Every structure is written in C-alpha cells, then in structure tokens.
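Trainee: Heads up: the sequence lines are chains A and B, in that order. Take the first sequence: its letter number 268 is residue 267 in numbering that gives the first Met the number 0, and every next letter is one higher. Take the second sequence: its letter number 212 is residue 211 in numbering that gives the first Met the number 0, and every next letter is one higher.
These are computed hints drawn from the structure, not numbers from a lab. Please note: incorrect hints may appear among the correct ones.
Think about it this way: if two alpha-carbon atoms lie no more than 20 Å apart in a straight line, the pair counts; the simulated PhoX-like pairs of lysine-lysine are [to be verified]:
#1 A:Lys287 / A:Lys256
#2 A:Lys124 / A:Lys81
#3 A:Lys22 / B:Lys282
#4 B:Lys293 / B:Lys307
#5 B:Lys276 / A:Lys22
#6 A:Lys255 / A:Lys291
Please read these numbers as outputs of a predicted model, since none were measured by experiment.
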Amino acid sequence: MTLNIGIVGCGKIADGHVEEIQKLSCVRLVAVCDIEPILAEQLARRYSVPHWYSDFDRMLYENRLDVVHVVTPPRSHLALTKKSVEAGCHVFVEKPLAMNWEEGRSLIECVERAGRKMSINHWHKFEAPSLELTEFVASGELGEPVHIESYCGYDLADNFGRALLADRRHWIHQLPGKLFQNVLDHAINKITPFLPDEPLDIIARAYRRRPLGADDSDGIMDELRAMIFAGRVSAYLTFCSHARPAGQFLRVHGTKKTVHIDYVYRTMSVEVIQTVPSAFGRLLPPFKSSWKSLVQATRNTREFAGSRFHYFAGLNRLLSVFYQSILQDTPLPIPYAEMLLVSEIMDEISAQVYSPVVV
Amino acid sequence: MKLLVTGAAGFLGMAVVQRLLAHGRTDIRCNVRRRTDISKFDSLSRQYPNAGLEYCIGNLKYRDDAARAVRAVQVIFHVAAGMQGAPADLFLDSVVASRNLLEAVAGDRTVRIVLVSSFSVYGVARLRRGARVNEQTPLEARPEWRDAYSHAKLRQEQLFWEYQQRHGFELVVLRPGGIYGPGGGHCSSRVGLKIGNRLVDFGGRNLLPLTYVDNCAEAVVVAGTHEGAAGEVYNVHDNDLPTCREYLYAYKKHVTNVMSLRVPYFCLRLLSRLFAKYHSYSKGQLPPIFTPYKVATEWAGNHFDNSKLRSIGWRQLVTTSEGLRRSFAAFQLELESSGDVQPHIRVERKPPVVENPMKYS
C-alpha cells in the first residue's frame with residue numbers, strides 16, 4: 000500500500016519534508032497547501048507536486064490523503080490537526096508541538112479520539128549516533144544516567160535568524176518562549192529520555208548578548224542557560240547564539256561511562272575509566288580517542304557512499320518508522336508522553352525567562 | 000508628482016533615490032524596512048537640502064504596509080527584492096511583496112510602475128555559445144531547473160505583466176545584469192564559485208554583463224521617466240564590459256590575492272553531467288549546483304546588447320575602469336576591517352592574455 004501525503008505550510012522547512020518524503024517508496028506526495036498561494040505554487044513547481052492549494056479544506060476534500068504534514072507556525076497546529084484527523088488522516092507535526100503544554104495535550108487527545116496516529120519532527124533523535132546511544136544505554140554500558148548536557152548553538156546571521164530579527168511581526172515573536180521555543184525542542188528532547196518520572200525542578204536564565212539597537216526586535220533574547228533536576232538526574236541546557244562554531248552536542252554522564260555525541264559531524268565517542276596505570280594512563284587515551292575518531296569517520300564515509308548521509312537523514316528514518324507504524328500498526332517512533340514532557344519543560348523555561356504573553 | 004522607491008535603503012535603492020534627486024525630483028517617498036535604515040539617507044539629505052524625502056517604514060510582505068506605501072503616489076520604482084535566503088524567503092520577499100504592492104494599486108490606471116527585474120529571467124541555456132542576449136531573447140521556460148532567485152524574479156515579472164494586462168497601468172521593466180559597486184558583492188557567480196578561500200574560475204573569457212550601481216540607477220530613472228517607455232523592457236548593462244578573466248585579474252591585483260583554479264567550459268560540462276548523475280543516484284546528497292542546465296545558463300558565455308536602453312537617452316555615468324577602481328578600493332577596505340584580507344604577497348605573475356591589458360589595470 001502507498002500512503003498519500005499532503006503538506007500544509009510551504010515555508011522554508013517544507014523543503015526538507017518534501018525531499019525526504021520523495022525519497023521513500025511507501026508514500027506519494029500528492030498535494031501541498033499554504034494560505035499564501037504563491038508559496039504553495041513555488042513549492043509544487045520546484046518539486047513537481049501534482050496539486051497545490053491555498054484552501055486547506057479543499058485540499059482535504061479533493062485528495063484522499065492518508066497523512067498530513069503540518070508544517071505551519073505552531074499557533075495553527077491544533078486547528079489543522081483537528082481538521083486532518085476529522086478527515087481521517089494521520090498527522091506529522093513540525094516542532095514545536097503547539098503553543099504550550101495545554102494545547103499540545105488537546106492536540107494529542109483529538110488525535111487519540113479520532114483513532115489516528117501522530118508524530119513530531121524530533122529528527123535529531125533518529126540520527127545514526129542517537130540510535131547508537133539508545134542501544135548503548137539499553138545494553139547497560141552507560142550505567143545509570145547521572146548528568147546530561149545538551150548544547151544547542153545557533154547563528155542569528157543565518158537566513159531564519161535574519162528574517163525574524165528584521166520583522167517584528169514574524170511568528171516567532173508570538174511564541175511564549177520566542178526563539179528559544181522554536182529551537183530548543185531539539186535540545187530538550189535529547190534530555191527527556193534520561194529523566195525519571197519525578198517532579199521537575201527547573202532554573203532558567205536568559206539574556207540578550209547582541210548590542211541593543213542593532214535590530215528592531217529587542218524583545219528577542221539570544222542566550223539561555225537552564226538547569227533541570229529530576230530525582231537523581233540533573234541536566235544542563237544551553238542555547239548559545241554567539242559562540243562559534245555553532246555546534247550541537249550531547250554529553251551523557253553515566254555511572255559507568257560517559258558518552259559524547261556531536262550532531263554536526265554525526266559522531267559518538269565513549270569515555271571510559273582509565274585502567275592503565277601511571278604515565279601510560281595519561282599517554283594512551285589520546286591514541287585510543289584518535290582510533291575511535293577514525294572508526295567514526297569510516298562509518299560516516301560508508302554512510303556517504305551508501306547515500307545515507309543527507310542533511311535530514313534523521314528525518315528520513317523518523318518518517319520511515321512513522322509511516323511503518325501506520326501501515327503495520329507498530330508503535331509510534333516518539334511516545335506522546337515524551338512530546339508533552341518537552342512542552343512542559345519549555346513552558347517552565349518560557350515562564351521564567353519571558354513575561355507571560357497573551358496567546 | 001510623488002514618487003515611491005521600494006527597497007530604498009538597499010544597494011540599488013539608495014542609488015535610485017540619489018539619481019532621482021540628481022534629476023531634480025524631490026517629492027520622493029522612501030520605503031524602508033526598519034527605522035534604523037533612515038539614517039542611511041543622512042548624507043543624501045545634506046547633499047540635496049531641498050529634497051522632500053519622506054520615509055515609509057514597512058515590510059511589503061504585509062498588505063497593510065504595502066497599501067500605506069503606495070498611497071497617493073504617481074510613479075513607483077519597485078526595487079525591493081529578496082536577494083538571499085531559502086526559496087520560500089525569496090518568494091516572500093520578491094513575489095508576495097510584489098503581489099501586495101500590485102493589489103494595493105490595482106484599479107489605479109494612472110500609476111506608472113517601474114520594475115527592476117533581472118537578467119536571470121532569460122532562458123539562455125538553449126542558446127548557442129556566444130549568442131547575443133537582448134530584449135527579444137525568450138524567457139526562462141524551466142525556472143525550477145535554475146536557482147530559486149531566478150525562479151522568484153521570473154515569477155515576479157510575470158505577475159507584473161498579468162496585473163498590467165488586467166488593470167491597464169503603465170509598466171516599465173528593467174532587467175539589469177550583475178550590479179556592482181562599493182557595498183555590493185565581490186564576485187559574480189559568472190566569474191566562478193568561491194570555495195573556502197579559493198575561487199574556481201569558470202568564467203574565463205566570457206563577457207561579464209556588469210552594470211555599475213550608479214549606471215543602473217540612472218537607467219532605472221531614465222526609463223522610468225521616459226514617456227515612450229511604457230510597456231517596454233530594457234536590458235541594463237554598461238557599454239564597456241570586461242571579461243570574467245579581466246575582472247578576476249584586476250580583483251586579485253587590487254583587492255586580495257585569492258587563489259584561483261581555472262576550469263575550462265568543456266570540463267565543466269563533463270563534470271556537470273557526472274554531478275547530475277551522482278545527484279540523482281544519491282537522491283540529493285550533494286546540492287544540485289552543477290547541473291548541465293545551470294552550467295549552460297551561467298558559463299556558456301553570451302554577448303549582450305544594451306542598444307535599446309541607449310536609444311532612450313541612457314548614458315553610462317561611470318566608466319567600467321572607474322567603477323571597478325571604486326569597487327575594489329571599497330572591497331579592500333571591507334576585507335581589512337573584517338580581518339579577512341589575505342596578506343598581499345605580490346608574487347609577480349605573467350598576466351593573462353586580455354583584449355586590452357591596460358583597460359582595467
């Protein structure tokens with residue numbers, strides 16, 4: 000069976016969705032839609048999509064869609080998801096899930112009530128090193144998680160950053176957590192699998208590092224540090240838009256070993272207790288580390304040679320698992336509870352660093 | 000007569016405002032995106048104390064801002080356009096913004112719109128090498144095979160003609176080649192591609208259809224105010240065009256000694272075929288920069304014709320050698336202030352064979 004896919008929202012990130020959908024053989028992209036017809040038209044034309052619309056209801060009515068990708072700003076996720084599931088479609092939502100936890104919960108409830116499935120674009124979790132980490136943790140090699148550091152670098156001079164800073168009416172400014180809320184999903188969802196089901200204690204601080212008056216959107220803070228405590232596990236969360244290079248990494252400190260994942264270069268390294276005594280114990284580790292880097296580079300080269308090293312390779316894997324969960328009724332790639340936990344943490348961070356925004 | 004210049008704080012927009020003032024037009028509304036942009040006009044205001052410059056802050060991608068910008072204007076110089084970003088951003092900034100502007104003036108048959116389009120709307124991939132590009136050259140039939148900028152500019156121009164047919168206002172379209180000058184880009188992609196600190200030289204002896212920013216602005220003003228220009232299209236480039244090789248040689252000499260590697264056109268064609276095959280095989284693992292279509296468009300080499308523009312009285316204000324001199328001086332200052340300048344190790348090298356070695360040195 001082939002699933003018919005429709006996309007609503009034809010902004011920048013829609014390109015990534017289209018490209019990954021078109022690589023998969025079990026699905027067919029049949030229509031795209033945007034409230035702005037010019038954006039829908041350009042996307043359809045560039046990727047040879049058969050139909051494009053500016054009316055979402057019409058797209059649902061005229062096409063027998065199995066899955067709708069909701070790739071619009073978060074304010075419209077709930078309403079579009081409701082319409083999609085009422086039309087019998089499963090839904091794949093771009094992050095962040097919704098404006099806040101309450102909306103996110105309503106969104107999940109309406110999907111469950113309709114007996115449909117939903118997933119979210121937490122694609123970093125499906126990168127090769129993330130999957131390797133999941134296996135590593137399951138094998139018990141890490142021991143118990145003690146502390147996690149999730150670092151998210153950002154460049155405000157890139158296309159998206161420039162667009163939102165130059166435009167006070169950009170949808171980012173409407174989010175309770177503004178820029179942080181749009182970006183931090185990726186950093187938070189790397190931490191949540193390690194947090195025990197216990198009350199959270201979050202301390203968040205944010206500030207604006209770029210000079211005042213450099214742009215019109217002084218309301219945007221650009222640096223954030225947060226500490227999260229849950230039971231016997233702690234985590235640091237860093238959003239940094241000035242340090243270069245703008246990296247993305249995760250460090251998981253366990254009772255047995257420590258793992259470091261670099262999401263930019265797609266590598267995972269494991270730090271172990273040194274067993275060689277004396278000066279040799281200080282001499283050998285860099286050699287071991289170099290050898291491990293060579294192994295990682297070889298693995299990535301193999302991925303490249305096998306054409307599995309695209310920018311959105313993680314999204315491709317995530318979509319495959321999600322579509323298979325629809326076709327074969329297997330478990331969802333990301334549990335709903337995890338999506339809501341990410342929203343809960345984000346809400347608390349937003350509340351601490353920004354004054355409440357009327358939504 | 001009130002004139003509106005959109006994108007007035009931009010590279011070309013500022014020059015258009017300056018040329019309008021030089022032509023004695025004083026009642027000018029400058030559409031700028033941000034309040035901070037207004038300070039850019041300080042020196043112009045000092046230079047033309049009688050100028051009645053009015054500022055309209057707004058983003059044309061919002062309908063209310065577009066409506067405010069066009070209120071009570073008789074001539075619109077639509078210079079604003081998206082120059083970089085994701086395809087969706089380029090379409091928002093160029094096409095959606097234009098549609099809003101056109102909706103705002105729809106029904107007003109007395110307004111004249113002067114659109115700054117682009118050379119990139121021409122479909123030159125299927126022309127033979129060396130063919131002359133003029134206003135009769137067919138438009139791009141497969142814009143999606145090109146880059147998003149060309150695609151957006153073509154859609155923008157089509158939109159203007161559609162609205163003109165429907166509403167009957169006067170439309171003048173200018174299609175500039177590469178606009179250069181202080182504050183502009185250093186090297187057109189027609190010369191080659193910069194990879195890290197090196198430049199792969201694809202242009203060779205191809206002519207560069209450059210226009211110095213002041214010359215281009217002069218063309219916009221001359222065509223925009225010429226009575227017989229309504230409904231016409233004008234290609235804009237300077238008279239004495241350099242070749243890519245000449246440009247690169249002078250750039251290396253006067254700005255920074257960037258290392259370059261020459262790739263002949265036949266090699267580029269071959270590489271592009273291999274690249275396209277790999278792109279297809281790997282499902283886009285590397286971006287489709289070198290498709291045979293793009294290579295033929297960008298680096299096959301054409302001749303250019305600006306006689307139509309000259310026929311309505313346009314003249315080149317700044318010679319190419321002077322334009323390059325000013326630009327290179329500014330580029331070097333830019334690099335020095337950013338700390339990116341490579342040490343000027345003046346290795347004496349035999350200059351390439353150029354048509355007139357003294358012309359741009």
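Trainee: Please go over all the hints and tell whether each is borne out by the structure.
Mentor: For each hint, the structure was consulted:
| no. | hint | result |
| --- | --- | --- |
| 1 | A:Lys287 / A:Lys256 | holds, 15 Å |
| 2 | A:Lys124 / A:Lys81 | violated, 26 Å |
| 3 | A:Lys22 / B:Lys282 | holds, 7 Å |
| 4 | B:Lys293 / B:Lys307 | violated, 27 Å |
| 5 | B:Lys276 / A:Lys22 | holds, 16 Å |
| 6 | A:Lys255 / A:Lys291 | holds, 18 Å |
The structure does not agree with the numbered hints 2 and 4 stated previously, though it agrees with the rest.
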